[in-house]
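There are 2 protein chains.
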Amino acid sequence: MGINLTNFLSSKSKNTKMIDFQDLDHIDGISISVVSANLYKDIRDDLTMFYFRDGANYASVYTQSKIVSENIRWNINQKPKKIFSLIVNTRNANAFTGKQGYESLKKIADITAKQLNKKQEEDEENPKKISNKNVIFGCTGTIGETFPYEKISKNISNLVNKIRYTQNKFIWMKAALAIMTTDTKPKLAMEECKIGNETVKIYGIAKGSGMIFPNMATTLAYVFTDATLSNDILGKLLKKNITNTFNAISCDGDTSTNDMVTIFSTNKVKNSQIKSVNENKIRHFDMSLNSVLLNLAKRVVSDGEGASKFITIKVNKCKNDLEAKKIAFSVANSPLVKTAVAGEDPNWGRVVMAIGKAGPKINLKKLLIKFGNITIVESGKLSQNYDEKLTANYMKGENIEINIEIFTGKKSFTAYTMDLTKKYVEINADYRS
Amino acid sequence: MGINLTNFLSSKSKNTKMIDFQDLDHIDGISISVVSANLYKDIRDDLTMFYFRDGANYASVYTQSKIVSENIRWNINQKPKKIFSLIVNTRNANAFTGKQGYESLKKIADITAKQLNKKQEEDEENPKKISNKNVIFGCTGTIGETFPYEKISKNISNLVNKIRYTQNKFIWMKAALAIMTTDTKPKLAMEECKIGNETVKIYGIAKGSGMIFPNMATTLAYVFTDATLSNDILGKLLKKNITNTFNAISCDGDTSTNDMVTIFSTNKVKNSQIKSVNENKIRHFDMSLNSVLLNLAKRVVSDGEGASKFITIKVNKCKNDLEAKKIAFSVANSPLVKTAVAGEDPNWGRVVMAIGKAGPKINLKKLLIKFGNITIVESGKLSQNYDEKLTANYMKGENIEINIEIFTGKKSFTAYTMDLTKKYVEINADYRS
Chain A
1 MGINLTNFLS
11 SKSKNTKMID
21 FQDLDHIDGI
31 SISVVSANLY
41 KDIRDDLTMF
51 YFRDGANYAS
61 VYTQSKIVSE
71 NIRWNINQKP
81 KKIFSLIVNT
91 RNANAFTGKQ
101 GYESLKKIAD
111 ITAKQLNKKQ
121 EEDEENPKKI
131 SNKNVIFGCT
141 GTIGETFPYE
151 KISKNISNLV
161 NKIRYTQNKF
171 IWMKAALAIM
181 TTDTKPKLAM
191 EECKIGNETV
201 KIYGIAKGSG
211 MIFPNMATTL
221 AYVFTDATLS
231 NDILGKLLKK
241 NITNTFNAIS
251 CDGDTSTNDM
261 VTIFSTNKVK
271 NSQIKSVNEN
281 KIRHFDMSLN
291 SVLLNLAKRV
301 VSDGEGASKF
311 ITIKVNKCKN
321 DLEAKKIAFS
331 VANSPLVKTA
341 VAGEDPNWGR
351 VVMAIGKAGP
361 KINLKKLLIK
371 FGNITIVESG
381 KLSQNYDEKL
391 TANYMKGENI
401 EINIEIFTGK
411 KSFTAYTMDL
421 TKKYVEINAD
431 YRS
Chain B
1 MGINLTNFLS
11 SKSKNTKMID
21 FQDLDHIDGI
31 SISVVSANLY
41 KDIRDDLTMF
51 YFRDGANYAS
61 VYTQSKIVSE
71 NIRWNINQKP
81 KKIFSLIVNT
91 RNANAFTGKQ
101 GYESLKKIAD
111 ITAKQLNKKQ
121 EEDEENPKKI
131 SNKNVIFGCT
141 GTIGETFPYE
151 KISKNISNLV
161 NKIRYTQNKF
171 IWMKAALAIM
181 TTDTKPKLAM
191 EECKIGNETV
201 KIYGIAKGSG
211 MIFPNMATTL
221 AYVFTDATLS
231 NDILGKLLKK
241 NITNTFNAIS
251 CDGDTSTNDM
261 VTIFSTNKVK
271 NSQIKSVNEN
281 KIRHFDMSLN
291 SVLLNLAKRV
301 VSDGEGASKF
311 ITIKVNKCKN
321 DLEAKKIAFS
331 VANSPLVKTA
341 VAGEDPNWGR
351 VVMAIGKAGP
361 KINLKKLLIK
371 FGNITIVESG
381 KLSQNYDEKL
391 TANYMKGENI
401 EINIEIFTGK
411 KSFTAYTMDL
421 TKKYVEINAD
431 YRS
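Protein chains in written order, with the numbering used here: chain A, 1 to 433; chain B, 1 to 433.
Simulated from the structure, these hints should not be mistaken for lab results.
Hints may be right or wrong, so weigh each one.
Chain copies aren't distinguished; within one or between two, either way the pair holds.
Said to hold, decoys possible - Derived BS3-like pairs (lysine-lysine); straight-line CA-CA distance at most 25 Å:
#1 Lys326 x Lys239
#2 Lys128 x Lys314
#3 Lys82 x Lys128
#4 Lys239 x Lys361
#5 Lys410 x Lys119
#6 Lys236 x Lys185
#7 Lys174 x Lys366
#8 Lys423 x Lys396
#9 Lys275 x Lys79
#10 Lys129 x Lys270
#11 Lys41 x Lys389
#12 Lys41 x Lys240
#13 Lys410 x Lys422
#14 Lys317 x Lys361
#15 Lys411 x Lys106
#16 Lys66 x Lys366
Next up, chain A with everything else stripped away, as it sits in the complex (with noise of 0.2 Å):
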C-alpha cells in the first residue's frame, strides 16, 4: 500500500508543498458538520452533513446500474432548484432497503429541514424556506441491510449544532475521514482559478475503493466552488469532465448501486455570468475543475482495495473514442495484466492478449508497446533493442504506464487502475466478517 501521490497533484496548485494532501480552507456559504452516529462496532465518525445557508445551486451524475440505491432514487425524485444540504453516511448503502430506506430518507429529509429552518430564524436576516426537497442524500457501505434510521435521524439536531460559518483544514479533513469506507486514506483535491478578474476557490472530496468501474465510476465524489454559476452550466461542465476522470478510472469492473458524483456552486463570489461552458471566460474553471476531478478519481484508484502500483492505460491513434476507450479498459480489466503487474513481471504478452481481446482491429503490422518509455513492442514485432532486465526494473516502481498505438485513426483514451493483488481478495473475502 501507500503509492506515493505526489505526481497526481497538479502544476498549477497554489499548495505544491503539500506532497500527499493538498490544505482546504474556508469557502464561503458551505458549513461541514461531522458526527459519530455509532453506525460502525469501532469509534469513528460516520456522518457528515454539509450545509448551504443561502442554498447551492448542483448538478449530479449518478450510477448507471438498473438497480439503484434508495438514496439515488430520492436524489433523481426532488427537483429543487437550490440544495440546502448533503448529508453522507457510510456503513449503509441503502439499497435494497425498499420502503423503509425511501421513507427513513424522507423522514430524515423532514427533520433536517425543519431543523435548519430553526437555525435560520436564529441565524439569518432573511431566512430562506428550506423543505425535504432540498435535502439529498450519499449513502455507502453494505447493500441490503435495513436502513438504520434511528441512529441517523437522532443525530440530524447534533450535525446542526456543529454548523460553524468558518470552514479550515481540519473540518475538510474529518469530513473526507468520516466519508470513507474500505478506504485507507481520506481524498482531498483543491484547485484556485479565475472566472474574468475574480478568483474562485474548487475544493473536492472523494471515497472509494473497489466497485470502481465507468458508468460511471466513482464511489463518491462532491466538490463544492464559491463561483456564480447555474444548475445548468454546472450541469454541462460536470458531464464534459466526468468521461476522462470519474468514467476513465477501474479497480476492480464493478459498478456499484450508488456511484455520485456532485457539484455544489454558492455563488458567493460574484463572478460575471456564464451562459455558455463555450464561452472563454469559463475556460481556466473547466480546466481547474478537470484537474480537482482527475486528482480525486486517481486517489481513489491509487487506494483501490489492496493496491501496491498505479497503472496508466494510454492508447493513442485510434478510429475513434469508443475504440480507444474499448482497448483501454481491456487492459485495465483484464486480470492477467493487473497481477503481473503486481507481480513485477514485464509480461507483455498479457497486454497484446488484452488489446486482442477488446474488440476493436488492430494494424498488427504497426501496433507500438511501450512500458514507460521502454519499447516493447514495435511495427507488431518484439522490439530489437528489448531489455528484459531494463524492463523488470521499469515494473519495480509505483506508477507503471502502459503505452499502446494501434495505428488505425487519432483518437486517444487514458485508462487508469491499480494492480490486483492477494491483499484485494483478503479484503473482499472479509468484508463483512
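With chain A held as given, fit chain B onto it using these hints.
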C-alpha cells in the same frame, strides 16, 4: 483446490464407478504419441501427436481475439478435406512470434508429412498421400517468446516412432497430462451413444485454467469420435453445442490468443449417413457431444487458477438469450461476487450489484434470488424467511449455485465459474518467474 468432480459425470456414462476420471480406451483410427521435447525446465511430457491413419473429418472453433497465435493462423489457412495429424505443444503459445512462429510450423508440418508418408508406405496397404496441409497445431504457453522450432522439429521422428494402433486409458491420460500448463489436473471425458443402430464413442481431452472467457472459451479441447460424420455436420454440431458449454464458462474474463476446440471423426463406425443436424438419428450423438463438452468445460472451470469453489449461475425468465447471458456473465465475472464466495460470505448484495450493472432491465418487484434451494430475495425484497446462518452454512460447500429469476420473459442461460482466491493472484503474479 481439489473440487470434487463427481457431479460432473454424466449419468448416462458407463463408467460411473470412476469418481474423478473416466477410462478412455481405444477408438479406431486414432494413434496418440507423447514425448518430452524439453520445452520446460523440469522433466515432463510437453509434445503430443494425434495421428489419424486414414485421415479424419474435422471442425474447429477458434478464439475471437483480434490478435491470434501463429498456429491458429496456420490452422485457418489450411483447408484440407481431412486432417492426418494434430500436434500440440505446451510452454510456448506461438503468439506474437510473427514470421519465425509461422514458418516454424510450416517446416514442422513438412517434416511431419514426410515422416508420416514413410509410415504410410510401411504400414498401409493403400498408403495415403499426406501433405503439410493435413497437419494442424495446438499451442499453449507464454506469449511472445521465440517458438522452439529446433526442440520440436527434432522430436517429430520420436513421435512417429511411438505410433501404436491400439490406444488405452494410459495413453489418453498421458496426452491429457502433456497438454497441461498451469492446470493442476488432467481433463478427460467420454460418452458412448447410438447413431441409428450403431454404437459410437465420443472421447475428449482439454486443458485450461486462467484466460477462460466466452467468445470462445477455453484454452484447448479436442474431441474424437469413431462415427462417420462429414466436416459440414461436425461443424454444425460443434457450433450448436459450444454455446452452452465452452462459451458458458468464465474464469477471469480474459481470452487467449490461442483458444481452440476441434472435433475429429475417424469414420470407422459405418453408421447411416447424416445429412442434417435436425435428423432424429443424430439426436443421441448431439446430446452426448454436449455432455462431453460440458463435462470438459466444467473441469476447466473447477481447475481455474486458484479455484476452491465451483459456481453455477442460472439466470431464468429473461426477455431473450442475450440478456440472460449478459446477466449470468456479469455475476460470473464480478470480482466482488467471486471473492465473497471464496470467503464463504453469503453476500447477496454483491449479486444484486452484479445483476444491476449487467445492462438489461430488471423487474425489481418480482426479482428472485436463491443460493441453492435457499430463497434470499423474493418479489424484489429480502425474503422474510431469510436465514443468514443457514445460508452461511450453504456457502461452506464446494459447489455454489446462484439461481436468479428476472421475470421479463422466458429465456435462460447458465454460466459456470469459480471463486477468486489469493492463490489466483499468487499463480498469476509468479507465472514467468
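Is it within a copy, between copies, both, or neither that the alpha carbon of Lys410 lies no farther than 25 Å from that of Lys119? Classified as neither: same-chain Cα gap 56 Å, cross-chain 56 Å, threshold 25 Å.
Within a copy, between copies, both or neither: where do Lys66 and Lys366 come within 25 Å Cα-Cα? Only across copies: Lys66 and Lys366 sit 14 Å apart there, 40 Å inside one copy, limit 25 Å.
Reference check for the pair Lys174 and Lys366, CA-CA at most 25 Å: within, between, both, or neither? For Lys174 and Lys366, neither the intra-copy (51 Å) nor the inter-copy (41 Å) Cα distance is at most 25 Å.
Is the C-alpha distance from Lys129 to Lys270 at most 25 Å within one copy, between copies, in both cases, or in neither? within (23 Å within a copy, 89 Å between copies)
Status of Lys79 relative to Lys275 across identical chains (alpha carbons, at most 25 Å): Answer is within; shortest intra-copy Cα gap is 21 Å, inter-copy 65 Å.
Checking Lys239 and Lys361: alpha-carbon separation at most 25 Å within a copy, between copies, both or neither? Close across copies (24 Å), not inside one copy (29 Å); limit 25 Å.
If the cutoff is 25 Å on CA atoms, where do Lys326 and Lys239 land: within, between, both or neither? Let me know, please. This pair counts as within: shortest intra-copy Cα distance 20 Å, inter-copy 27 Å.
Have a look at Lys411 and Lys106 and pick one of within, between, both or neither, based on CA distance no larger than 25 Å. Classified as neither: same-chain Cα gap 46 Å, cross-chain 38 Å, threshold 25 Å.
First find the shortest C-alpha distance between Lys410 and Lys422 inside one copy, then the shortest across copies, and answer within, between, both or neither for a cut-off of 25 Å. Neither: 38 Å inside a copy, 40 Å across copies.
Should Lys41 paired with Lys389 be assigned to within, between, both, or neither, using CA atoms and 25 Å as the limit? between (49 Å within a copy, 21 Å between copies)
How do Lys236 and Lys185 come out at 25 Å by Cα distance, when the copy is not named: within, between, both, or neither? neither (30 Å within a copy, 56 Å between copies)
Is the C-alpha distance from Lys128 to Lys314 at most 25 Å within one copy, between copies, in both cases, or in neither? neither (49 Å within a copy, 54 Å between copies)
Hints 2, 5, 6, 7, 12, 13 and 15, counting from the list given before, are not met by this structure.
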